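Since chain A is already given, all that's left is putting chain B on it; use the hints.
Protein chains in written order, with our numbering: chain A, 1 to 356; chain B, 357 to 670.
These are computed hints drawn from the structure, not numbers from a lab. All values reported here derive from a predicted model rather than from experimental measurement. Ideal Cβ placement from N, Cα and C applies to all residues, glycine included. Keep in mind that a hint or two might mislead.
Stated by the list, open to error - Examples of chain B residues lying across from chain A (beta carbon under 7 Å, computed):
| no. | residue |
| --- | --- |
| 1 | Ala542 |
| 2 | Leu545 |
| 3 | Pro600 |
| 4 | Gln615 |
Claimed, not checked - With a straight-line Cα cutoff of 25 Å, these simulated BS3-like cross-link-like pairs (lysine-lysine) come out:
| no. | chain 1 | residue 1 | chain 2 | residue 2 |
| --- | --- | --- | --- | --- |
| 5 | B | Lys550 | B | Lys389 |
| 6 | B | Lys549 | A | Lys341 |
| 7 | A | Lys208 | B | Lys667 |
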Amino acid sequence: MADDVILKVDDVSVNFKVRGKVLKAIHHVSMELHEGEIFALVGESGSGKSVFTKTFTGMLEGNGDIVGGTIDYRGKHLETLKKDKDWEGIRGKQIATIFQDPMTSLDPIKTIGSQISEVIIKHQGKGKKEAKSMAIDLMDKVGIPNAKNRYDEYPFEYSGGMRQRIVIAVALACHPDILICDEPTTALDVTIQAQILELIRELQAEYKFTTIFITHDLGVVASIADRIAVMYSGRIIEVGTCDEIFYDPKHPYTWSLLSSLPQLATRGGQLYSIPGTPPSLYKDIVGDAFAPRDPWAMAVDFKADPPMFKVSDTHYAKTWLLDPRAPKVEKPELIQNLHEKLLANTTYGKGEHVDD
Amino acid sequence: MTTEKEVLLSLRDLEITFGKFVAVQDVNFDIYKGETFSLVGESGSGKTTIGRAVLGINPTSNGTITFEGQQINGGLKGKAKHELERKIQMIFQDPTASLNERATVDYIISEGLYNYGLFENEEDRINKVRTMLEEVGLLPEQLYRYPHEFSGGQRQRIGIARALIMKPDLVVADEPISALDVSIRAQVLNLLKKFQRESQLTYLFIAHDLSVVRFISDRIAVIRSGRIVELAETEELFRHPIHPYTQSLLSAVPVPDPQIARHIKPIVYDPTQHHYETDKPKFVELLPGHFVYCNAPEEAAYRKQLAAEGKTQA
Chain A
1 MADDVILKVD
11 DVSVNFKVRG
21 KVLKAIHHVS
31 MELHEGEIFA
41 LVGESGSGKS
51 VFTKTFTGML
61 EGNGDIVGGT
71 IDYRGKHLET
81 LKKDKDWEGI
91 RGKQIATIFQ
101 DPMTSLDPIK
111 TIGSQISEVI
121 IKHQGKGKKE
131 AKSMAIDLMD
141 KVGIPNAKNR
151 YDEYPFEYSG
161 GMRQRIVIAV
171 ALACHPDILI
181 CDEPTTALDV
191 TIQAQILELI
201 RELQAEYKFT
211 TIFITHDLGV
221 VASIADRIAV
231 MYSGRIIEVG
241 TCDEIFYDPK
251 HPYTWSLLSS
261 LPQLATRGGQ
271 LYSIPGTPPS
281 LYKDIVGDAF
291 APRDPWAMAV
301 DFKADPPMFK
311 VSDTHYAKTW
321 LLDPRAPKVE
331 KPELIQNLHE
341 KLLANTTYGK
351 GEHVDD
Chain B
357 MTTEKEVLLS
367 LRDLEITFGK
377 FVAVQDVNFD
387 IYKGETFSLV
397 GESGSGKTTI
407 GRAVLGINPT
417 SNGTITFEGQ
427 QINGGLKGKA
437 KHELERKIQM
447 IFQDPTASLN
457 ERATVDYIIS
467 EGLYNYGLFE
477 NEEDRINKVR
487 TMLEEVGLLP
497 EQLYRYPHEF
507 SGGQRQRIGI
517 ARALIMKPDL
527 VVADEPISAL
537 DVSIRAQVLN
547 LLKKFQRESQ
557 LTYLFIAHDL
567 SVVRFISDRI
577 AVIRSGRIVE
587 LAETEELFRH
597 PIHPYTQSLL
607 SAVPVPDPQI
617 ARHIKPIVYD
627 PTQHHYETDK
637 PKFVELLPGH
647 FVYCNAPEEA
657 AYRKQLAAEG
667 KTQA
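So that you can see chain A by itself, here it is in the shape it has in the complex:
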């Protein structure tokens, strides 16, 4: 394990039993999480990004099982933990999750403040009074104005953005090592979203946790991620630094995803759309899962599952196009010079970045 790898996932597969059938939600996925980074998992619904991270906290639904592979978190093998008791001390404490809808994480009949101090009392063993003052500090930190007075209010008295700030405060109350953010801004308005993203960045710098950020929104990813893994049909099909994924993508699915960006389409023209639908995960997928929808698919794509090919030390992609025997294929014209194209369309953020 490299020095700064705190979570190493090796060849993990997850199956669900649904009405007597087996759904293969995660298929031989490997990944490394480096201390202090923001690692984004990007994919469409059903790609397995939430299910995958639930294996890190033992929160898979009852009909789901890790059927293969290992998850090494600072020397602990998480895949061996079965009972809730085994997870104590890890789930919520060392690895915390914030979800899309803050109301699913907050108790509507308890005051905001008590929900934060409860966690501090339980996990940090503080007394009631001290916990309260720590909770108010945390509320301050996540940007709740007038935190002292709002301590005794209930969730319904908070707006959506404020509630999400509280959920973040609850998560931070345990000083987590890893914070999993599962679409934390999807239900929020854009101006609030921008604030929450900024908040996560600031808190990360201060509290030094590591973040796994799950989203379907490429705009959000570009603004927050250090590294990105793209998921499709329960597989990580490409992983790289933020710049590598946006400016030098290698997998045809990543190409398609970027091509569908409305920012790249001309008004009055057509928006690029990916033909077909993702494969059923109840069936055995032969070859590259994206092949049936892939205009660049070769014969081999329908026969053999591609390995992860190395592009650089930080960049890997699971596509036969990277095999030395494959024909040279350029990424589609639409996503070439992505930066220049988007810059031409942007009013804000042109900044002083001529040379970076």
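Just chain B, lined up with the frame of chain A:
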């Protein structure tokens, strides 16, 4: 402007209240025939309320809504109301909640035809439904299936088919793609565009996703707290936003480009910067076709700025 555009829908001084709460106020805009006009705003801004008022679902408390030259808010009855309900159709955000789960696709798409007797005989009806189904990219053998057997994107196609088979003049589309994945979004947007090209449809598009709105709209109105703060042609609005709220909203849109994203500092909008206690705001045309909600001192400041930029003002 060389050719005179035909106004299809016109809102004047529209006000909508729920009890004491004023949800929408001072709303003025025209929608031209064949264009896509978008209402953009954050949750609670009143955009859906306006859409529902156009459909006659929300009663208005003041002002007028005129469609094809005829006032349609308040008191429209009988045949006129019935006909209007055909001419203005709606596409909903959630394709799961808006389709009758116990009806077949055939019935869902035909329901309006039944209500209006828009077919000669059974054969004609089936033909119309099949043609429509094909137009939205579904297969004839799916006609007797139920909504739950379809994916989200397919269900939204059924919703579109149901609205468009009525041959409406205006379609109010309330966040029609928000619940869909990126790749499915493109399919649905392309479909809406196709129908517009083919039959001169007019869309009132209600949305919060500004990058999608920019792609599909001819003109955009930005709404905040029940008031339209700015209205302009799409590119004009994106490139030269004038109202501080519009600037804040546009600066918050995430750009899918790491280099740009790193340099965006979202502009924070402070509503207390306006002093409307004595000097009341109006909806003012500052540049041709570009309207901003402002009072006299603000208007003077905006005009000074525009003059400095060398713009020809309205």
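Okay, the hints, checked on the actual structure:
At its closest, the beta carbon of B/Ala542 sits 3 Å from a beta carbon of chain A; the interface hint therefore holds under the 7 Å criterion. Hint status for B/Leu545: holds, given a least beta-carbon distance of 5 Å to chain A, under 7 Å. At a threshold of 7 Å, the smallest CB-CB gap from B/Pro600 to chain A is about 12 Å, leaving the interface hint violated. Contact between B/Gln615 and chain A, as hinted, is supported at the beta carbon level, the nearest pair being about 6 Å apart and thus within 7 Å.
Restraint check for B/Lys550 and B/Lys389: the C-alpha separation of about 16 Å stays at or below 25 Å, so the hint holds. Using a Cα cut-off of 25 Å, the hinted pair B/Lys549 and A/Lys341 holds, with the two alpha carbons roughly 23 Å apart. At most 25 Å may separate the alpha-carbon atoms for a hinted pair to count; A/Lys208 and B/Lys667 exceed this at roughly 49 Å.
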